[in-house]
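The lines below spell out each chain.
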Amino acid sequence: MRDNSVKDKIMRGLVWLSAFVTIGILVWILTYVLIKGMGSLSWAFLTEMARGDGEGGILPMIVTTFYVIAISIAMATPIGICAAIYLVEYAKPGKLVRTIRFATESLAGIPSIIFGLFGFLFFVTVLHFSFSILSGALTLSIMVLPTIVRTTEESLKAVPQSYREGSLGLGASKLSTIMNVVLPSAVPGILAAVILSVGRIIGETAAIYMTVGMAPYIPKGFMESGRTLSVHLYLLAKEGISFEKAYATAAVLIIIVAFLNFIANKTASALNRNR
Amino acid sequence: MDDTRMYEGEAVEEKSYKMEENKARKRFEKMVEAVFLFCAFMAVLSVAVITFFVFARGGPFILEYGIGKFILGRQWQPLGDVFGILPMIIASIAGTLGAILVGVPIGIMTAVFLSEIAPAKIADITRPAVDLLAGIPSVVYGFFGLVVIVPLIDKWFGGGGNSLLAIIIILAVMILPTVVSISEAALRAVPREYREGSLAMGASQIQTIFKVVIPAAKSGIMAAVVLGIGRAIGETMAVILVGGNTALIPESILDRARTMTANIAIEMGYAFGMHQDALFATGVVLFIFIMGLNILLNLLTSKAGD
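Protein chains in written order, with numbering that gives the first Met the number 0: chain A, 0 to 274; chain B, 0 to 305.
Please keep in mind that the hints were generated in silico from the structure rather than gathered at the bench.
We put the CB at the ideal spot given by N, CA and C, even for glycine.
Warning: the hint list may mix true and false statements.
[Stated by the list, open to error] Only pairs whose alpha carbons sit at most 27 Å apart, straight line, appear in this in silico DSSO-like list of lysine-lysine:
| hint | chain 1 | residue 1 | chain 2 | residue 2 |
| --- | --- | --- | --- | --- |
| 1 | B | K120 | A | K8 |
| 2 | A | K8 | A | K94 |
| 3 | A | K6 | B | K217 |
| 4 | A | K35 | B | K154 |
| 5 | A | K6 | A | K94 |
| 6 | A | K6 | B | K22 |
| 7 | B | K217 | A | K156 |
| 8 | A | K156 | A | K91 |
| 9 | B | K25 | A | K91 |
[Stated by the list, open to error] Pair by pair, the computed Cβ-Cβ distance ranges are:
| hint | chain 1 | residue 1 | chain 2 | residue 2 | range |
| --- | --- | --- | --- | --- | --- |
| 10 | A | L95 | B | E20 | 36 to 46 Å |
| 11 | A | I240 | B | K120 | 37 to 47 Å |
| 12 | A | S129 | B | M290 | 23 to 33 Å |
| 13 | B | V48 | A | V20 | 34 to 44 Å |
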C-alpha cells in the first residue's frame, strides 16, 4: 500500500512536470523572441520598404502576406462551407462520403513541402502563373480547405435539429432552411475556421517559398512574385543576413499569431455561450 | 354558371402555374445540391491531382534510375548525377523517431494533466497555451532552435550544434500541441463510469488514470501519435534551420543531418533537369510515407469510432 502511494506521488509529479515543461517551452520561446525582437521593432520597421536583401523595413512582406491571405481565404472559404453543408445536410452515409472524408483527412496530412512541389509544378510551371501571389494563393487555398471543411462541419452539426424541423415545418424548403436558419447559427464556428486558416497561411513557409517566390518588393498585381513574413524570416535566418531584423520579424509573427489565437478563443467561447 | 366555370378555369391555371413554379424551385434546389456536392468533391479532386502530378514527375525518374539505387544509395552528388537518398531517409526516420520518443510522453502526460488532474483554473490557462504553441509558425520554431538550442548543444556537447539532436528537440516541441490536444480529446471521451468503477474498487486516482483511463483511450492516443509522426516527418523549414543539412548518413545524434523535406526545399531553388527530377522523386518517397501514415490513421480512427 505504501509502495503504491509512493508510485502515485512519482507519477503525479511527472504529470505536473510535463505540463510545466509544455507551458515552460511556450513561455521561453515567447519571452526570448519578444524581448530580443522588441529592440528593433519600430514604426519605421513596419512601414518602410526593404533595402537590399533584408535591411530596411518589412512593409512589402506585410502587404504580400496580406494579399496571399485575402485571396486564399476568398477562394477556400466558399468552397469549404459548401462542402461542409453537403457533408452535414445532404450526404447519406456510404461510399461517397467515406471517400470524401478520407480525402479530406489525407489532404490535411499532406506536408507543406509536397504542396509546394505540387504548386510549383502545376500552377507555376504547367499553368504558367510563374512565381506569383496567385500561384501561392491557389496552393494555399487547397491546403487550408480541410481546416475550413472540418471546423464548419462541426459547427453545422452543433446547430440543434429542432431549428431545422421548425423551419421545414413552417413550409420552408430544405435549401432556404439551410441558408436562413442553419448557416446563420453556424457563423461563429465558420469564423473560427477562417481565423485558424489565416493563422496557418501566415505561418506557412515551404509551400509559399516554392510558389510565391521571394521578391522583396510590394507586388503590383496578383501575377507578381512577393515575399511573405515567414519566408522573409526564413531567408534572414538561413542566410544569416541580419539576426536583429530576424528577431524583429519573428516578434511580429508571434504577435499576429497570438492575436489571432485570442480572437479565435473569444469566438469559440461566444459560440459555447450561445449553446 | 359561366362565372363558376371561369373561376374554375382560373383555379386550374393557377394550380398549374404553381406546379410549374414548384418544379422550377425543385430543379433549382437540385442544382444547388449538385454545386455543394462538387465543392465536397474538391478535396478528392485535389488529392488526386496532387498525387498525379508529383508521381508523374518523380515516378519515371525513380524507375529510370533504379528503385534500389535511389532508395538505398548512400551518396547524393547532384553534380555527378549520383542520387542516393538513403541518408535523407535515415535522417527523416531518426529525427521523427527521436521526436516521438521525447515529445509523446510529455504530450500524453500533459493531456492527462488537462483532462484528469489540473484544477479548472490552471487547465483554463494551459489549454490556450497549447493552442498558441500549435499556432506558432514553424519558421519561428526553426529560428528559435537556431539561436537558442543549437548554441546550447554546441556548448554542452560540442560539434557546432547543428545536428540530428537539434532536429529531434525542435520536432519534439512542434508535435507537442498535436499530441496534447488529440490525446486530451481521447481521454475526455472515456465514460465517467470507468473512472467511478475503478475508484469504487479502491484504486487511487493515479492508478485509475494509468490502468483504466489511458488504456480505454488507446486508439485515440495512437491516432495522436500518428498525427505527430506525420507532422514531424513533413516538417521542413525548422529542420533546415537547425539540422546542418549534410547529405551523409548521420552516425551519431550530434552529426549534421539532412531530411527528405530539407533535401527538396534546399535544392529546388537552383535545380534543373535530372537533378530537379530527383528532388520530385524524393517528394514521391516522402509522399508514400505520408500516405502510409494516413491509411494507418484512417484504420485507427475508424476503430475508435466503433
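Hint-by-hint comparison with the structure:
1. K120/B to K8/A: 22 Å, holds
2. K8/A to K94/A: 50 Å, violated
3. K6/A to K217/B: 22 Å, holds
4. K35/A to K154/B: 21 Å, holds
5. K6/A to K94/A: Roughly 49 Å between the alpha carbons, so the hint for K6/A and K94/A is violated.
6. K6/A to K22/B: 72 Å, violated
7. K217/B to K156/A: 26 Å, holds
8. K156/A to K91/A: 14 Å, holds
9. K25/B to K91/A: 19 Å, holds
10. L95/A to E20/B: 36 to 46 Å: 31 Å Cβ-Cβ, so the 36 to 46 Å window is violated.
11. I240/A to K120/B: 37 to 47 Å: At roughly 44 Å between Cβ atoms, K120/B and I240/A fall inside 37 to 47 Å, so the hint holds.
12. S129/A to M290/B: 23 to 33 Å: 30 Å, holds
13. V48/B to V20/A: 34 to 44 Å: 41 Å, holds
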